[in-house]
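Novice: Sequence:
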Amino acid sequence: MTLNIAIDSGAAVAPYEQLRAQISEQARSGALPVGYRLPTVRGLAEDLGLAANTVAKAYRALEADGVIETRGRNGTFVAAAGDAAQRELAGAAQAFAGRARRLGLTQDAALSAVRDALRAAYGG
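The sequence shown maps to residues 1 to 124 in our numbering.
Read the hints as simulated data drawn from the structure, not as lab findings.
Please note that a few of the clues may not be correct.
Computed beta-carbon distance windows for the label pairs [as the list claims (entries may be wrong)]:
1. Gly123 - Gly30: 22 to 28 Å
2. Asn74 - Asn53: 34 to 40 Å
3. Leu111 - Asn74: 41 to 47 Å
4. Gly98 - Leu118: 17 to 23 Å
5. Gly49 - Thr106: 54 to 60 Å
6. Glu25 - Arg119: 34 to 40 Å
7. Tyr122 - Gln94: 20 to 26 Å
8. Arg99 - Ala51: 33 to 39 Å
9. Arg73 - Gly10: 34 to 40 Å
10. Ala56 - Tyr36: 16 to 22 Å
11. Val114 - Ala21: 24 to 30 Å
Glycine included, each C-beta is placed from N, C-alpha and C at the ideal position.
Assemble the whole structure, with the sequences as input and the hints as a guide.
Specialist: As structure tokens, then:
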């Protein structure tokens, strides 16, 4: 279990986004297990030939997404996937509820829309 990152400097996608996407995918797939300690910002930047600010930006985005967690001087670790998924789902639910209310929908109408979307997504 090692971090496997390849940055394509010629790609249209910014290096920090390439880094963010690759770490996120490896964490979600289990290639990087929960609790895996990531390299320091400076260490990873040096290994990849990137600026430290580029790696720091990717780490901040991953932390905001709930994929990783920083424990102060102890380092940065892969967070529990369930926690990240739950936080993301809660955020999406809050955004949906707020939008439904702004549109003037009743709770029943909003719940009906969610049920229809879930049936379509899960084939039920």
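Novice: Does each hint fit the structure? Answer for all of them.
Specialist: Right, here's what the structure says about each hint:
1. The given range of 22 to 28 Å is respected by glycine 123 and glycine 30, whose C-beta atoms sit roughly 25 Å from each other.
2. A C-beta distance of roughly 22 Å is found between asparagine 74 and asparagine 53, which places it outside the suggested range of 34 to 40 Å.
3. A hinted range of 41 to 47 Å holds for the C-beta pair leucine 111 and asparagine 74, which are about 43 Å apart.
4. One distance hint, 17 to 23 Å for the beta-carbon pair glycine 98 and leucine 118, holds here, with the actual separation near 19 Å.
5. Hint check: glycine 49 to threonine 106, Cβ distance near 56 Å, so the stated range 54 to 60 Å holds.
6. With their beta carbons about 28 Å apart, glutamate 25 and arginine 119 fall outside the hinted range of 34 to 40 Å.
7. For tyrosine 122 and glutamine 94, the Cβ-Cβ distance of about 22 Å falls inside the hinted range of 20 to 26 Å, so the restraint holds.
8. Taken as a hint, the range 33 to 39 Å holds for the pair arginine 99 and alanine 51, whose Cβ atoms sit roughly 38 Å apart.
9. Between arginine 73 and glycine 10 the Cβ separation comes to about 37 Å, which falls inside the hinted range of 34 to 40 Å.
10. One distance hint, 16 to 22 Å for the beta-carbon pair alanine 56 and tyrosine 36, holds here, with the actual separation near 19 Å.
11. The beta-carbon spacing between valine 114 and alanine 21, approximately 28 Å, falls within the hinted interval of 24 to 30 Å.
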